[in-house]
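Colleague: One-letter residues, chain by chain:
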Amino acid sequence: MAMPFYVSPDQVMQDKAEYARKGIAKGRSIVALEYAEGLLLMAENPSASLNKISEIYDRIAFAGVGKYSEFENLRKAGIRYADLKGYAYSRQDVTTKSLANAYSESMGTIFTRDPKPLEVEILVVEVGETPAQNEMYHVSFDGTITDRRQFAVIGGQAERIRTYLQDHYRADLTLAEALALSRQSLLAGYERPPAEESALEVGLLERQRSGRKFYRMPQAEVARELAAANHGA
Amino acid sequence: MPLLSGSYEGASFFDLLQHDFPHLLPFQHLQAVPQLAGSELRLPQAVPFATTILALRFVDGVVVAGDRQATEGFEVASRRIEKVYKGDDYSVIAIAGAAGPCLEMVKLFQVEMEHYQKIEGETLALDGKANKLAQMVKQNLPAAFQGLIVVPIFAGYDLRAQQGCIFKYDVTGGRYDEQQFYATGSGGKEARSTLKKFFKADMSRDAALALALEALVDAADVDVGTSGPDIVRGIYPVVKIVTRDGVADVSEAELRPLSEKLLTALQG
Numbered sequence: 031m032a033m034p035f036y037v038s039p040d041q042v043m044q045d046k047a048e049y050a051r052k053g054i055a056k057g058r059s060i061v062a063l064e065y066a067e068g069l070l071l072m073a074e075n076p077s078a079s080l081n082k083i084s085e086i087y088d089r090i091a092f093a094g095v096g097k098y099s100e101f102e103n104l105r106k107a108g109i110r111y112a113d114l115k116g117y118a119y120s121r122q123d124v125t126t127k128s129l130a131n132a133y134s135e136s137m138g139t140i141f142t143r144d145p146k147p148l149e150v151e152i153l154v155v156e157v158g159e160t161p162a163q164n165e166m167y168h169v170s171f172d173g174t175i176t177d178r179r180q181f182a183v184i185g186g187q188a189e190r191i192r193t194y195l196q197d198h199y200r201a202d203l204t205l206a207e208a209l210a211l212s213r214q215s216l217l218a219g220y221e222r223p224p225a226e227e228s229a230l231e232v233g234l235l236e237r238q239r240s241g242r243k244f245y246r247m248p249q250a251e252v253a254r255e256l257a258a259a260n261h262g263a
Numbered sequence: 002m003p004l005l006s007g008s009y010e011g012a013s014f015f016d017l018l019q020h021d022f023p024h025l026l027p028f029q030h031l032q033a034v035p036q037l038a039g040s041e042l043r044l045p046q047a048v049p050f051a052t053t054i055l056a057l058r059f060v061d062g063v064v065v066a067g068d069r070q071a072t073e074g075f076e077v078a079s080r081r082i083e084k085v086y087k088g089d090d091y092s093v094i095a096i097a098g099a100a101g102p103c104l105e106m107v108k109l110f111q112v113e114m115e116h117y118q119k120i121e122g123e124t125l126a127l128d129g130k131a132n133k134l135a136q137m138v139k140q141n142l143p144a145a146f147q148g149l150i151v152v153p154i155f156a157g158y159d160l161r162a163q164q165g166c167i168f169k170y171d172v173t174g175g176r177y178d179e180q181q182f183y184a185t186g187s188g189g190k191e192a193r194s195t196l197k198k199f200f201k202a203d204m205s206r207d208a209a210l211a212l213a214l215e216a217l218v219d220a221a222d223v224d225v226g227t228s229g230p231d232i233v234r235g236i237y238p239v240v241k242i243v244t245r246d247g248v249a250d251v252s253e254a255e256l257r258p259l260s261e262k263l264l265t266a267l268q269g
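Line order of the protein sequences matches chains C and V.
With our numbering applied, the first sequence corresponds to residues 31 to 263, in that order.
With our numbering applied, the second sequence corresponds to residues 2 to 269, in that order.
Where hints are given, some of them may not hold.
Unchecked claim - Taking lysine-lysine and the DSS-like style, the derived pairs with C-alpha atoms no more than 30 Å apart in a straight line are:
id	chain 1	residue 1	chain 2	residue 2
1	C	Lys-115	C	Lys-56
2	V	Lys-201	V	Lys-108
3	C	Lys-106	V	Lys-262
4	V	Lys-197	C	Lys-115
5	C	Lys-46	C	Lys-56
6	C	Lys-52	C	Lys-115
7	V	Lys-108	V	Lys-198
8	V	Lys-108	C	Lys-127
9	C	Lys-115	V	Lys-262
10	V	Lys-139	C	Lys-106
11	C	Lys-115	V	Lys-133
12	C	Lys-106	V	Lys-197
What the hints assert, rightly or not - Per label pair, the in silico range of CB-to-CB distance:
id	chain 1	residue 1	chain 2	residue 2	range
13	C	Thr-176	V	Gly-122	52 to 60 Å
14	C	Pro-248	V	Glu-261	45 to 53 Å
15	V	Asp-21	C	Lys-56	32 to 40 Å
No lab work stands behind these hints, which were simulated from the structure alone.
What you are looking at is a predicted structure, and each value in this text was computed from that prediction instead of being measured.
Ideal Cβ placement from N, Cα and C applies to all residues, glycine included.
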């Protein structure tokens with residue numbers, strides 16, 4: 031019987047992590063930030079139909095970067111998880127904390143057990159009844175889960191964008207200000223500003239909306255709001 | 002609860018339950034109930050039944066209404082049960098039959114439509130929703146043989162055809178389009194005769210609303226399982242209207258004077 035070569039677990043994990051990071055670094059980033067009336071998620075996405083941002087439940091939204099098929103599967107699993115829980119118990123029993131933990135568990139298991147790690151990073155965010163009750167979780171390819179406040183960034187250019195937001199973010203932004211800041215931060219992610227701006231995908235969780243809080247902002251409306259914000263400034 | 006515990010990969014919540022979580026299906030346990038012939042417990046007398054519901058088309062959409070009584074044998078089980086529910090933004094589901102399975106079916110159907118929309122990123126066509134409901138009614142057939150029938154009316158606004166639509170069902174899951182109006186439940190026959198007599202094509206909203214209430218009052222007048230508007234307790238039928246602007250509830254403030262007028266007319 032042929033014996034496999036011994037490879038230290040350290041080496042295996044390092045290789046897997048490097049592989050996953052490389053995959054994620056290819057994708058463009060996504061920004062989520064709290065504004066006065068809720069939460070805003072923004073992604074650069076040339077496609078109008080293959081979404082990176084989507085609704086999970088009444089107050090919960092999802093965003094993923096990396097390999098589309100992988101985060102799409104995670105998105106669907108999250109919707110199934112939330113709808114099942116809401117159906118078996120009640121709508122208020124569907125919490126972002128438990129969903130984010132379930133994601134973390136699954137992604138962690140896949141990272142250690144499967145030969146190929148997931149090349150994705152995801153955000154699971156919830157708009158609270160008050161701004162203090164907002165929740166934002168960042169789950170990484172290996173299942174690492176982090177709790178964020180004010181803003182969260184995922185994707186290849188996350189570091190530069192985070193630095194930009196640390197310098198420019200302030201509490202109680204209006205929607206127009208939040209849109210403008212998000213776009214500026216995404217542009218700050220580039221080493222050299224691109225010649226042509228790509229289309230923006232925007233999803234909102236609006237606190238005042240009745241029932242399901244998620245709103246997918248049409249691209250025309252995004253452009254209009256941004257133009258108005260530019261004009262005002 | 003782990004995130005990826007099942008193997009179903011489609012967009013239907015109903016199929017997801019059937020495939021991976023059959024214990025959560027509303028109808029599953031009913032199939033295990035033994036035949037009740039000759040037994041002490043007569044199921045249809047031991048559980049509450051929701052009775053009269055109706056729907057009629059008018060020029061801008063559909064009016065759907067239901068009385069508020071649940072009947073258990075010869076007793077009033079509830080005076081305030083609701084039989085008309087918003088399905089999603091453009092549809093309404095009304096239920097008649099055994100109240101427990103009926104309400105579970107409504108809940109499952111609501112989640113089904115929302116689930117599909119979130120997974121696929123698109124809303125089901127009205128026809129697609131009506132078909133999915135037919136499959137659910139069909140699943141209930143074994144229970145229907147034991148007397149626990151569920152007979153819904155599904156109505157909605159078809160954004161593509163730009164008109165209101167009504168679907169009626171039989172216990173086997175048979176689905177039929179209704180062009181004008183329909184009523185079912187214990188007082189359904191009586192309500193249908195009123196609707197048949199006074200229904201006109203292209204009625205206004207107010208005329209359709211008044212006719213819906215009149216049909217319910219007539220049903221309650223004859224059928225002991227149906228209650229009319231209860232002015233003493235302030236209980237009025239539930240009426241919902243679907244148009245291209247979505248689903249709207251008719252307020253008590255609007256129902257009260259209409260009901261009073263109809264009840265006064267009964268004095269003769």
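Colleague: Hint by hint, where does the structure go against what was stated? Just the numbers, ascending.
Modeller: 1, 2, 3, 4, 6, 7, 9, 12 and 13
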